[in-house]
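These protein sequences, in sequence, are chains A and B.
Heads up: the first sequence is residues 1 to 302, going by our numbering.
Heads up: the second sequence is residues 1 to 302, going by our numbering.
Check the hints yourself; a few may be wrong.
Unchecked claim - Calculated Cβ distances over 10 Å to all of chain A for the following chain B residues:
#1 Pro-53
#2 Gly-130
#3 Ala-161
#4 Arg-243
Stated by the list, open to error - Covered by chain B, per the in silico footprint, the following chain A stretches (three or more residues, Cβ under 8 Å):
#5 55 to 67
#6 168 to 182
#7 216 to 229
Think of the hints as simulated: they come from the structure by calculation, not from any bench.
For every residue, glycine included, the Cβ atom is placed at its ideal position computed from N, Cα and C.
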Amino acid sequence: MSVWDKIFNFDNYGELVALLHNSILAGAVLGLVGGLIGVFVMMRDLTFAVHGISELSFAGASLALLVGVNVVVGSVFGSLLAALVIGLLGVRARERSSIIGVLMPFGLGLGVLFLSLYPGRSANKFGLLTGQIVAVDDPQLVWLGSISVVVLLALAVIWRPLVFASVDPDIAASRGVPVRALSPVFMLVLGLTVAMAIQVVGALLVLSLLVTPAAAAMRVTASALWVPVLSVVFAMASTVGGILLALGGSIPISPYITTVSFAIWVVCRLLGSARARRGWSRRGAAAPGEAHVGVGDPVVSG
Amino acid sequence: MTEQATVGISSATSAAGASGSGDPTAPALRLRGAGLGFGRRILWRDLNLSVEPGEFVAVLGSNGSGKSSLLRAVLGEVPLTSGAGWILGRPLGRRGTEVGYVPQRIAIDAATMIKARDVVRLGLDGHRWGVPVSFGARRRVVRARIDELLDSVGAADFGDAPVSMLSGGELQRVRVAAALAGDPSLLLCDEPLAALDLRHQQDIAALIDRQRRATGTAVLFVTHDINPVLPYVDQVLYLAAGRFRLGPPDEVLTSQGLTELYGAPVDVLSAHGRIIVVPSVEGTIGHQSHDDHAGLNLGERR
């Protein structure tokens, strides 16, 4: 069996797809939720927090594996704990970074400890870190589905004020948006999403679903509608596409997902810089001396 | 007519009797015996201020005299140390949507991709729960209103540009449009002209003046240079050395008035319709107020 066959193998593909439709479904749901959450992760500059939460979520999942309870429950527990700590202690960006820096290795260490104590098959252990394709059974799918519904409902309610609070906390507060309350609420929603993502891509690669698609979308559009739409499309393409590519191979699922999502980002980045050179807006020549835009205007970049 | 500190605090609190929603017949902003300090340092106290609808009040003073803190207190971000205040008869600190706010720091994080028109839209309905998706007639109404606002600040040309690609002057116009979007009864401006060149200072000042005349918005305008807004100002609140002086500009901005306020000889010069405040003895103002010399540059062109 050559290296290539290990990576791509499409023998009996139809049967495999049928067999693993749970995983594909989970991937699609995850793409939807991750793509939407990613928009706010970018807006609120929480990339590092996502990584921190995922390590504690990993610890929770490994503990669950060790004591023999549902792994999703374990990772949700770890996630929420981390989200709560980061949300409560790390209000300012600088504090947040240091708290995450402290939590992350601790979580990872705990996870490694629990996994070493776990007597079961090593594939299960590895899967929590790097993702696994056959892990999603029916009860887990129900869990993932329920969590997604909670996350999507929460987002549907808080979307607009959350955008306001993320873009412009001071002004949002002056307009009566509960900026301080929204922050922990979003951290909890983020924690739930991370716990879900870990089931499919693993703790180390959560960022590829919660950050990369949104970052890619923001390279090509600034539209309040198209950023989330594209982000979801990119995230879904990464998960579902990655799973479909990974089906026949014998290696974990995550390299496929991360590579697809990275490739999308590279393309978007190129498109974005091409667009920036051409100029983004339709303001055309932004004529100096025109009625409103005064003479003496500073030169407009972009 | 220059007011000085007298009013007792107890009467102010008993006059509170305010309910949750704003009373349109009440002054846009009223402060009674208001004081603010941090620890032993008192910024100002016994401040009585009544801003009627459509009135333009400029707040002057050197750095650290409590100008911005006054706005933060009005916004309810810091509680008054003494006294009380109301916005449209509603006690400070209760959330409401009748306040527009143009902050000092105008930058929006460059990583956040958002169009200028969407920033204005946040000012319009960003505080409402839910998802900012509207259809049909409602969509056209929102769109028309945003276009109108962008047009009124001369920002129509770059409404579709991402804010990260706007110059300081352009972004500040968008900020003003967003602050005016909610049709506020009280507009709080924290040095909105500081980052702008002279031409744009005049444009933005005239724009705010037009708005308050058209809609009766009261304006509380913090600035360290009164000259761009001098033609529009009804009252000046001059903060210095823990004291203040309040009244029409030609009564407050006099050599005698400011000499009393600073407790040191100060000359107010008027040339070509511009006002310049200079200390008669080098450094007195700075030493009196324990401040840098920003207060001296009251009328200097930057």
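These are the hints, each one checked on the structure:
| no. | hint | verdict |
| --- | --- | --- |
| 1 | Pro-53 | holds (19 Å) |
| 2 | Gly-130 | violated (6 Å) |
| 3 | Ala-161 | violated (4 Å) |
| 4 | Arg-243 | holds (28 Å) |
| 5 | 55 to 67 | violated (count 0) |
| 6 | 168 to 182 | holds (count 10) |
| 7 | 216 to 229 | holds (count 7) |
Checked against the numbered hints above, the structure breaks hints 2, 3, 5 and satisfies the rest.
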